[in-house]
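Visitor: Residues per chain, in single letters:
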Amino acid sequence: MQLKHYTHLFTENKIKWRPLAAIIFNDMRKRKNNFTLTEYLFCTILLIIIFIISTCLGSVNIPFSEIGDVILSLLNIKDEASITYYSILVHVRIPRIICVALEGAALSLCGAGMQGLLRNPLADGSTLGVSAGASLGAILAIAFGFNFSFFIGDTTMIMAMIGAYLSLMLILSIAYKLDYSLATNTIILVGVIFSMFASSIMSLLITFANDKVNNIIFWTMGSLSGADYMDALALLIATTICGAVILKHADELNAFAIGEENARNIGVDIRKTKLMILVFVSILIGVCVSIAGTIGFVGLVIPHITRMVFGPNHKRVLPASLFFGASFLMLTDLISRTLFSPRELPLGVITSLIGSVVFVYIFYKSREVK
Amino acid sequence: MIKVNNLSVQYFDKKILDNVSFEAGKRDWLMIVGPNGAGKSTIVNALSKAAPYTGDILLKGKNINDMKAMEQAQVMGVLRQNHNVAYSFTVEDIIKLGRYAYRKKMFESYGNDESEKVEKAIELTGLKELRHQSVLTLSGGELQRTFLAQLFAQDPEILLLDEPTNHLDLVYQKQIFALVNRWIHENDCCVISIVHDLSLARKYGNKAILLDQGKLVRSGNIKKVFNKEDLDNVYKMDVHKWMKDLYNSWDND
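First to last, the sequence lines map onto chains G and L.
For the record, in the first sequence the residue sitting at position 139 is 153 according to this note's numbering, with numbers rising by one throughout.
For the record, in the second sequence the residue sitting at position 1 is 220 according to this note's numbering, with numbers rising by one throughout.
What the hints contain is simulated information worked out from the structure, not anything from laboratory work.
Among the clues, some could well be false.
DSS-like, lysine-lysine: derived pairs with alpha carbons at most 27 angstroms apart [claimed, not checked]:
#, chain 1, residue 1, chain 2, residue 2
1, G, K288, L, K323
2, L, K336, G, K329
3, L, K443, L, K245
4, L, K281, L, K434
5, G, K262, L, K336
6, L, K268, G, K288
7, G, K286, L, K287
8, G, K329, L, K281
9, G, K262, L, K233
10, L, K460, G, K286
11, G, K286, L, K268
12, L, K234, G, K191
13, L, K287, G, K262
14, G, K262, L, K268
15, L, K233, G, K191
16, G, K286, L, K434
17, G, K329, L, K393
18, L, K245, L, K393
19, L, K393, G, K286
20, L, K460, L, K447
21, G, K288, L, K287
22, L, K268, G, K191
23, L, K347, G, K329
24, L, K287, G, K329
Simulated coverage check for chain L against chain G, where a stretch passes if three residues somewhere in it have a Cβ under 8 angstroms from a Cβ of chain G [claimed, not checked]:
#, region
25, 261-273
26, 297-303
27, 346-352
Idealized CB from N, CA, C, for every residue including glycine.
Next up, chain G with everything else stripped away, as it sits in the complex:
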């Protein structure tokens, strides 16, 4: 009775004038079938604001007014920008922040996709051991000096992708053997064990490949401090292609989240859908890891938060995860750059710190409700 009383307050539009935030919030709360235009607009504006803030702040604070000058000189209209600001922004900060945003978007999308497919709110690249597998692939390439390249992406990137895909297949097949129904705990357990296995191999490689230690350590920590425009381009292409494939499967992910048997009954091609999503998720995680190393917990926490705000429908959760993931990782990157400025903290360390605390909080809250 009490609950009904409150919902009635929300649904009835007695107040004619409402602040913008309330409109947007109400819009989000309504269970719609698609991501609406207002929501796209709101999220894009939010993204741009965060982007501008994080380009301004850092070890060198650049006044907001200077950004206009830099953009103008970039477009060859007016040449008034100071050289220092220009080179900091164009050569260091902008490529890095673009990479950070794309990385956050891609990792959250992968997390959301896997959580739907495996019907498991704890699934994510880092908890399933896929990121560890990708790092292992990349480190193998560095330690043994593999060298082959395709028209896009270098050896480490391709090895990271192969590592991600093979480890995902290995983990899932072991889990299938142990437990046919692919229950939550089995997958997580196997994933954790695989992560330990992968990290022990990595330690082994580090002890034997003394001369490349610095290079290898980078992959285990997760950082984007040296990112350039080529990295951004690779991430953009991977995120666009894999993102399009995953977004296209929103209906199928809904069906999987409701139940695999049910998905089969309503006409979803189970094997094809599973394979498509797993392959494209591992490609995307492989690219992400090969550029930034392991950035944990983003793919776990962001889909959780979006599901709390937007409901479980993947047609809304997937695009929302893209935006929220990008915003979250840009803010985290800002913290990692400014907290102990000029010293910089590795991005993966901060996300794991924030992510694990937030995750425990979410878990606790959800238990409290039940």
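Dock chain L against the given chain G, drawing on the hints supplied.
Guide: Then chain L, alone, in the frame of chain G:
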């Protein structure tokens, strides 16, 4: 409508189903009965391509091996006995997904009659009040009605029910059987269901197959199948007497 020839299912060297054949046509309600471990659920698994099998399964004259998942779902729908939804989807979300098989791939859009079919299914199953509620808050009976509504929205010509009222109380049991019965006669469907309660099977079915340890004991008209000799043999007890005893216990108050 549906014709099954020499269906066999084997796990390793154990035969779970051995040369089972049966068929059902329009407005038929075929009951699959038999004791636990007779292979009833295996038939449903084979029909929904969830288990490897040998033999032929023909839906409207077409082998299901030649049908795509979507095409098969337009002809045959399945209602399971247990549902384990992972996230808090609403009742309406789940019912709407029943129209998945009619999705046009290119634009991810559905036919014009989509919302009409969904509304009809919601109305028939009496879920109007609950349509925006999360399925995690529903009772077992309400959840089963939700998935029945999904099946109605899917609108297949062959309905496959795997013990649809196994853990439901009498009210829901009656509700669901009455709903399906009405649906068959309104839409010229064909229903195949596994039922443990022989009285229920007898009341609603017109055809039956009796299974024992993977083998077909008898098939055909339900009255012929439910003869004293076969039932007593399969269940190893006097079934008719037990049913009458149960019924008579109401008079002894």
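Visitor: Would you mind marking each hint as holding or not holding in the structure?
Guide: Comparing the hints with the structure gives:
1. G:K288 with L:K323: holds, 20 angstroms
2. L:K336 with G:K329: holds, 22 angstroms
3. L:K443 with L:K245: holds, 20 angstroms
4. L:K281 with L:K434: holds, 25 angstroms
5. G:K262 with L:K336: Between K262 (chain G) and K336 (chain L) the Cα gap is close to 24 angstroms, so the pair holds against 27 angstroms.
6. L:K268 with G:K288: holds, 16 angstroms
7. G:K286 with L:K287: Roughly 11 angstroms separates the two Cα atoms, so the pair holds.
8. G:K329 with L:K281: violated, 35 angstroms
9. G:K262 with L:K233: violated, 42 angstroms
10. L:K460 with G:K286: Violated: K460 (chain L) and K286 (chain G) sit about 52 angstroms apart, past 27 angstroms.
11. G:K286 with L:K268: Given pair K286 (chain G), K268 (chain L) holds - Cα atoms ~14 angstroms apart, limit 27 angstroms.
12. L:K234 with G:K191: holds, 22 angstroms
13. L:K287 with G:K262: Holds, at roughly 19 angstroms.
14. G:K262 with L:K268: holds, 25 angstroms
15. L:K233 with G:K191: holds, 19 angstroms
16. G:K286 with L:K434: violated, 34 angstroms
17. G:K329 with L:K393: violated, 37 angstroms
18. L:K245 with L:K393: Given that 27 angstroms is the threshold and the Cα spacing comes to 23 angstroms, the pair holds.
19. L:K393 with G:K286: violated, 39 angstroms
20. L:K460 with L:K447: holds, 10 angstroms
21. G:K288 with L:K287: With Cα atoms ~16 angstroms apart, K288 (chain G) and K287 (chain L) stay inside 27 angstroms; holds.
22. L:K268 with G:K191: holds, 20 angstroms
23. L:K347 with G:K329: holds, 24 angstroms
24. L:K287 with G:K329: Status holds; Cα separation ~24 angstroms.
25. 261-273: Result for this restraint: holds, n = 3.
26. 297-303: holds (count 5)
27. 346-352: violated (count 1)
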